[in-house]
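*Asks:* Chains as they are written, first to last, in the numbering used here: chain A, 7 to 275; chain B, 98 to 392; chain C, 646 to 1023.
Watch out, some of these pointers could steer you wrong.
[Stated by the list, open to error] Straight-line Cα separation of at most 35 angstroms, DSBU-like style, residue types lysine-lysine; simulated pairs:
1) C/K782 to A/K269
2) C/K793 to A/K261
3) C/K829 to A/K269
4) C/K989 to C/K830
5) A/K269 to C/K770
6) A/K72 to A/K52
7) A/K41 to A/K72
8) A/K52 to A/K41
9) C/K793 to B/K388
10) C/K816 to C/K829
11) A/K72 to A/K261
12) B/K388 to A/K261
13) B/K284 to B/K388
14) C/K782 to C/K770
15) C/K829 to B/K284
16) B/K284 to A/K261
17) C/K793 to A/K269
18) C/K989 to C/K947
19) C/K845 to C/K770
20) C/K830 to A/K269
21) C/K793 to B/K284
22) C/K935 to C/K659
23) B/K123 to A/K72
24) B/K123 to B/K172
25) A/K269 to B/K172
26) C/K737 to C/K845
27) A/K269 to B/K388
28) C/K829 to C/K770
[Said to hold, decoys possible] If you want the footprint, here are the derived chain A segments under chain C, 3+ residues with CB under 8 angstroms:
29) 155–166
30) 170–177
31) 182–196
32) 266–272
Worth flagging that the hints you see were computed from the coordinates, not collected in a lab. Keep in mind it's a predicted model, so treat the numbers as computed, not measured. We put the CB at the ideal spot given by N, CA and C, even for glycine.
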Amino acid sequence: MRRLSTFNIVSLTLGFAFLYIPMVILVVYSFNESKLVTVWAGFSTKWYGELLQNEAMIDAAWVTVKVAFFSSTIATVLGTMAAYVIVRRGRFFGRTLFSGMIYAPLVMPEVITGLSLLLLFIAIGLDRGVLTIVLAHTTFSMCYVSVVVSSRLVSFDDSLEEAALDLGASPFEAFRLVTLPIIAPAVISGWLLAFTLSLDDLVIASFAAGPSATTLPIKIFSSVRLGVSPEINALSTIIIAIVTVGVLTASIVSKRQITQRLKEEAQAD
Amino acid sequence: MRRLLVAVPYVWLVVLFLVPFGIVLKISLSDIALAIPPYTPTLDLSEGWTGFKAFLSQLDLENYVFLTSDDLYWKAYLSSLQIAFLSTFFTLLVGFPVAYAMARAAEEWRPALLMLVILPFWTSFLIRVYAWIGILSTEGFLNQFLMWTGVISEPLTILNTNTAVYIGIVYTYLPFMILPIYATLEKMDGSLLEAAEDLGCSRMQAFWLVTVPLAMPGVVAGCFLVFIPTLGEFVIPSLLGGSDTLMIGKVLWEEFFNNRDWPVASSVAIILLLILIVPIILFQRNQQINKEADQ
Amino acid sequence: MAASGNNEVFAPWKDRDAVPLIRIDQITKRFGDFTAIDNVSLDIYPQEFFALLGPSGCGKTTLMRMLAGFETPSEGRITIDGVDMASVPPNKRAVNMMFQSYALFPHLSVWDNIAFGLRRDSQDKDQVAARVEEMLKLVQLSQFARRKPHQISGGQRQRVALARSLAKAPKLLLLDEPLGALDKKLRQETQFELMDIQEKTGTTFVIVTHDQEEAMTVASRVAVMNNGQLVQVETPEVIYEQPSSVYVADFIGDVNLIEGSVAALGEGAELAWAEGRASLIGQLGAALSKGQSATFAIRPEKIAISSDEPLDRRNRVRGKILDIGYLGNLSTYHVELPEGPVVKCEVGNRSRIERRDFTWEDEVWLSWSDTAGLVLAR
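Okay, chain A solo, but in the shape it has when bound (with noise of 0.2 angstroms):
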């Protein structure tokens, strides 16, 4: 290899100062003391503590989790039968729709998704809350969810599977001893995909979402669109907080495993 050129060093610099300047401005700005978010007055802890006197935020927040859990757990199960069908199943009456279905909400802008849902759960009479943002936030993750499981299925070793019911497993047991034990890090990464999306959704929620069920997202866009405050910016720091150390954990501890793997196996040999 090379040694990078002044010009990728600089394109390396500039791309990724102008990803995280903004964020790290953010977060600096969380510990101002001053209400005025542009102008730095001195280090204080005062917003943090602040929004957890917000009860309303709070529970916004409890709503969120709570919506993102469930969301993605039933999003992680259709959309691993999803993909398991997709890659498995030959073919079946409607399959074209089937796989049509599972693609367009990945393209579809999420205006049309929400819009579509909101008019749906009125049709039925449906109380707009909880519910109704589960499922609304369970029917797009799915399809991501069973693209992440679907990509990892068809790399998958179909002798493993008849290897299995050749030693007397039934089919049922086939796919919980063998196939879902071996996919398992696709399926984590699905629910993982979906639950992210699920605390993210703005558009979807705030169709999908009534009077009685306000997530994080739509509390934190009506009160930005009033302006910026310092308590948003506290709440940004704990979100890109927890998002930084989980995903680093995630790949420090597949990184992990792979190098472990790769000793184990030129052991092996």
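Using the hints, position chains B and C against chain A.
*Replies:* Then chains B and C, alone, in the frame of chain A:
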């Protein structure tokens, strides 16, 4: 057992994806009414077949005619397309050099660099857009910085203009551009460039004649991944854009929540989808070709 | 093969009263327009080591997968131990399979892999444990029981796969290219191990392979397949010495093929192969009539090479050495006959290389006995 495996996700998608979509289509053909729900006709199955016929006869294309006659809508579509095109182009301009430099970096650095691109992707979209409000506002950090360096003496108005929208889109969608381009460039065999130079190309020529064509699948995929969601974008124009920023996602939202005109909002959605079908089909074809090329 | 006293040679297929374990009855399998198996009938007897041999795409794997239950025949019937298999799913068959990729469960240890099948049937932990230990001992892997598949070598993985498929003491064990992933030396060792284990357990083995040497080494009978049909089903000796067709002769080992027409039929057959030359004499390998075009097949190692004309042999031809291949244990001569064909002949190197008699461009005589060659239908 096997039937159940197909049936459960199938029924879920039919009920929560296909049927709602049919409802949107139906409402787009209805008229606005001061009622609950605020449109007419509503389907009354108690009258049986005649009721259904009466219902059908009341549907019309009036809303679509309205969309073409009021220049707010077609201007919004055009301006959405323009913003999506330009911001895709800008994202490519920023993203390609970064992806290229990442692919050329030493192997032990690449996972870390990749991590740095993926991290914002997992971070809240809303928060990342919000971060720019403080930067771009009149008394924001950018203006403070520029005035401090003496480049400008009066603060610039960036927030609530289309410029802010472009910056916001490039910023939030940058990982979507970098990742596919990096993936293709990283696969590229380094000896190809050496071969090109060996055959008499200059570095620059080798870049244009070898690297760029080979990166094309990633570039195309990245452009679609930015273009398609940008077209229906709502959050960025409503937080960073001004009152004159016309984007169809925002218009739809306002039509629905502020004007409570559900039929018009529905027909706006249908037209947006029709516009999106073209890039979506092109994108899928591109993915298909790439997949076949990989095999 | 000498059968002496009560120590009879194992050959149930010759015994009219023997009951086959597997009865494949006029099986046809189609995938869309493609016919993978074309009306195949075959009996396999208990304790046989049976090989399905053929090039890739000949249908041997499909036939095996039908025995395991992963494919259902389009036509025909398979019975195992007298039971029609038509409605028996793979997990209910007393048949186990060793997969080409081994299909070891990567998330389970060697021990758990072997116990997998046992646990499906039995709740008794001690019984399972005892059987697993027994199998580990059989394949000499006891000290690796706690390792995961990726922590052991390829040869060890192969033995785990074998132990796992034998653990349930199946009536029939199917082996899909079991040694394909091993290097040559290990493969040869493992072949003998396989035979040993087969003998110890008394299980009926059906092996699928494209490697003729492997089939010849391990099997009691070999079925040569081509284009979804059985070409010949016989013991390795018969397959090699008396192939029923040019296809089999050519597929199994090295052979010289000389085209001609049947000149006379008697005890053996005579083949006219070139104007003005004496006919070649060999055994009749197929039903042929006089004047019919046929092929003379002669194995390279059955040909003698000499500088003087061997007048005591009727089959003798003269030619020029084109190429010599020194392989260590033997030398191969490619001799070009003036009539056109190039004949390959192998000579064992019993003495040191210095005493090599022939060199390039030498005129030599090739000869073989009257019974060494076969006259086959083309």
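*Asks:* Now, for every hint given, state plainly whether the structure supports it.
*Replies:* How the hints compare with the structure:
As the CA atoms of C/K782 and A/K269 are separated by approximately 27 angstroms, the hinted pair is consistent with the 35 angstroms bound. Distance check on the hinted pair: C/K793 and A/K261 sit about 19 angstroms apart at the alpha-carbon level, within 35 angstroms; holds. Between C/K829 and A/K269, the direct Cα distance comes to roughly 26 angstroms. Compliance with the 35 angstroms bound is thereby established for this hinted pair. For the proposed pair C/K989 and C/K830, the alpha carbon gap of about 27 angstroms is at most 35 angstroms, so the pair holds.
This hinted pair checks out: A/K269 and C/K770 have alpha carbons roughly 33 angstroms apart, not beyond 35 angstroms. Taking the CA atoms of A/K72 and A/K52, the gap is about 27 angstroms. The hint holds against a cut of 35 angstroms. Distance restraint check for A/K41 and A/K72: the Cα-Cα separation of roughly 31 angstroms lies within the 35 angstroms cut-off, and the hinted pair is therefore satisfied. Among the hinted pairs, A/K52 with A/K41 is consistent with the structure: their alpha-carbon atoms are about 10 angstroms apart, no more than 35 angstroms.
With a C-alpha separation of about 33 angstroms, the suggested pair C/K793 and B/K388 falls inside the 35 angstroms cut-off, and the hint holds. For the suggested pair C/K816 and C/K829, the alpha carbons sit about 30 angstroms apart, so the restraint of at most 35 angstroms is met. A threshold of 35 angstroms between alpha carbons decides the hint, and for A/K72 with A/K261 the separation of about 30 angstroms falls inside it, so the pair holds. Between the alpha carbons of B/K388 and A/K261 the distance comes to roughly 27 angstroms, so the proposed pair stays at or under 35 angstroms and holds.
The hinted pair formed by B/K284 and B/K388 meets the criterion: a straight-line CA distance of about 14 angstroms does not exceed 35 angstroms. This hinted pair checks out: C/K782 and C/K770 have alpha carbons roughly 18 angstroms apart, not beyond 35 angstroms. Pair hint C/K829 plus B/K284 holds up; C-alpha atoms about 34 angstroms apart against a cutoff of 35 angstroms. With a C-alpha separation of about 20 angstroms, the suggested pairing of B/K284 with A/K261 holds against the 35 angstroms cut-off.
Note on C/K793 and A/K269: the hinted pairing holds, with a Cα-Cα distance of about 13 angstroms set against a maximum of 35 angstroms. At roughly 10 angstroms between alpha-carbon atoms, C/K989 and C/K947 fall within 35 angstroms of each other, so this suggested pair holds. Distance hint between C/K845 and C/K770 is fulfilled; the C-alpha atoms sit about 25 angstroms from each other, no more than 35 angstroms. Between C/K830 and A/K269 the CA atoms are separated by roughly 26 angstroms; this keeps the pair inside 35 angstroms, and the hint holds.
A distance of roughly 31 angstroms separates the Cα atoms of C/K793 and B/K284; the hinted pair therefore holds under the 35 angstroms criterion. A C-alpha spacing of about 32 angstroms is found between C/K935 and C/K659, which places the hinted pair at or below 35 angstroms, so the restraint holds. For the hint linking B/K123 to A/K72, the alpha-carbon distance of about 33 angstroms falls within 35 angstroms, and the restraint holds. Distance restraint check for B/K123 and B/K172: the Cα-Cα separation of roughly 25 angstroms lies within the 35 angstroms cut-off, and the hinted pair is therefore satisfied.
At roughly 61 angstroms between alpha-carbon atoms, A/K269 and B/K172 are farther apart than 35 angstroms, so this suggested pair is violated. Note on C/K737 and C/K845: the hinted pairing holds, with a Cα-Cα distance of about 25 angstroms set against a maximum of 35 angstroms. Between A/K269 and B/K388 the alpha-carbon distance is near 32 angstroms, which keeps this suggested pair within the 35 angstroms criterion. Under the criterion of a C-alpha separation no larger than 35 angstroms, the hint pairing C/K829 with C/K770 is inconsistent with the structure, at around 39 angstroms.
Evaluation of the coverage hint for the segment 155–166 of chain A: fulfilled, as 3 residues show C-beta separations to chain C shorter than 8 angstroms, against a requirement of three. Interface restraint, the segment 170–177 of chain A with chain C: holds (8 residues with C-beta to C-beta distance below 8 angstroms; minimum three). Residues of the segment 182–196 of chain A with a Cβ under 8 angstroms from some Cβ of chain C number 4, which satisfies the need for three, so the listed coverage holds. Under the rule that three or more residues need a Cβ within less than 8 angstroms of chain C, the assignment of the segment 266–272 of chain A holds, with 3 such residues.
Of the hints listed earlier, those the structure fails to meet are numbers 25 and 28, in rising order.
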